[in-house]
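Novice: Residue strings, one per chain:
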Amino acid sequence: MRELELYFGPQHLGMVGNFSITLKVEGDRILEATANPGYLHRGFEKLMEYRTWIQNFPMVCRINVIEPDSMEMVYAMAVEKLAGIEVPERAHYIRAVVLELSRVASHLFGLWAYANTLGFDTVAQWAMYHRDLVLDLFEELTGGRVYHIYIWPGGVRRDLPEGFKDKIVTTLHSIGSCVPDYDAAFFNNRLFYERAKGIGKVTREEAKEMGATGQVLRATGMKYDIRKVEPYAAYDKVPWEVPTREDGDAFSRIWVVRDEMIESVHMIFKLLDKMPEGEVYNRVPNPFKWNIPKGETYVRVESSRGELGLYLVSNGEDKPYRVHFRTPSYPHALTVLEKVLRNASIADVGNTMISLYVVAPEIDR
Amino acid sequence: MNKLKETLESAFSDLQVSIPEDDRLTIFAPKDAVLSILSFLKSKGYEHLALVSCVDWIEEEEFELIYILSAYMQKDDEYTDKEKTNIILKTRISREKPECTTVIPIFKNAEPYERELHELFGIRFEGHPRLTPLFLEREYKIPPFRKDFDTREYVKKVFDEIPFVEDKIGQT
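Chains as they are written, first to last, in numbering that gives the first Met the number 0: chain A, 0 to 364; chain B, 0 to 171.
The set of hints was computed from the structure by calculation and includes no laboratory data.
Warning: the hint list may mix true and false statements.
[As the list claims (entries may be wrong)] Keeping only pairs whose Cα atoms sit at most 25 Å apart, straight-line, the calculated BS3-like set for lysine-lysine is:
(1) K222(A) with K89(B)
(2) K227(A) with K43(B)
(3) K83(B) with K222(A)
(4) K318(A) with K2(B)
(5) K155(B) with K207(A)
(6) K80(A) with K83(B)
(7) K107(B) with K80(A)
(8) K81(B) with K80(A)
In this text, all values refer to a predicted model and were calculated from it rather than measured experimentally.
Assemble the whole structure, with the sequences as input and the hints as a guide.
Specialist: Structure representation (structure tokens):
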């Protein structure tokens, strides 16, 4: 049969985001897949070298459009570590609540994309609606729906507004009450099983070899989660579980996502219950004259996609000397995706890619 | 961690190993020793290469290559101090002739990282199977993430040549 080259994306119905894959196909079978990032390369890491420590926040959150809070968190953590700033106890709890809310929002967005790909339009619309409810919470808390710039070095920008805890609880209850509907329409649906079972299978050994983290690894049974491995914010203050699955395919990954959302919601309730009173912000020096001592650090958090790291170097000036983000989609989209697409069928490309939870802006940075 | 430090120091000569903070181990090694140290660390269970990065120390006329390693869990549901540890392996190469050996034989996922560094810093990794462009569309004289590439100057130079639409509207 004749070999053909096929371009999948950046303009393609099965493609979410600015990313493309070049496929070498023979009939319906993929012989070789080449990932092509770069459609959204804004050179943020270079631009950040020209701006002061605080001025970088509006850029940091734009690296991952879908879940900006963990980007803010990792940058704030690195700056705090280099400058030696302490964070008040209450701010740790608020940070954890905000990060978990954004994880829920991000997973709902992921569910929207995945359900859409499989043709579950109704479920996709539900997920989008419920994500919007979480964004409403963010709007009230921070003033921004998508980009929040709420987590700062030294704590969070301002305290929770009055009655906000109740609002979080009400919103999460109304989303949680729809879990049976989601299960009936999507997760327990035979169509989802048929379409996702065995697709994009990654074994434990392959995942470890290719630097995978997040759902890709947890879908193979390992409870690897930076929130447990190296706890930050208030994640070690409340009990919670890391959901896993065994098979390492798209079906397992999406189930891990579902269980994680539910776990996050329970965790938010526990955090809100235990949240102490007090300050939420330790003052930092005047941002225009803020020189951070010479040094380097690597910090990591668990974003909704896996290990999110930041290597930050300061040479004692008011601007970073070098910033390099280790984004979870980077190995997932460039190494894992190319591997699992080999010998797959063309119809499964979008399915595989979205189940790996790839976000293009995060790869390009 | 102290134990690992001792083992490293006894297994290799000319290493500078330090523990700058809890759960972080920094190793400074000569360029030729990188491969053997990485495979040694991998055999000790540090099998997750999180990041390959580069810092341009222009005043010292050197590039610093950084490999960040950590460990995956040994058992599926037991958290130990080992996973908490991040190892930062650093080496310096000359800026004049930036060349280094690829680490893909040891860590497969280094492939895109090295490709990125080749594109943005102009470092050649010997033995890398495809040092093709990853993000960039054009070829720059100076690789754009080097310190002597001034983004603002570049933007000014490129876009100042293109006339503003407003000026044209004013004329007609």
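Novice: All the hints need checking, so say for each whether the structure fits it.
Specialist: Tested hints:
no. : hint                 : in the structure
1   : K222(A) with K89(B)  : violated (30 Å)
2   : K227(A) with K43(B)  : holds (22 Å)
3   : K83(B) with K222(A)  : holds (14 Å)
4   : K318(A) with K2(B)   : violated (36 Å)
5   : K155(B) with K207(A) : violated (45 Å)
6   : K80(A) with K83(B)   : holds (16 Å)
7   : K107(B) with K80(A)  : violated (31 Å)
8   : K81(B) with K80(A)   : holds (21 Å)
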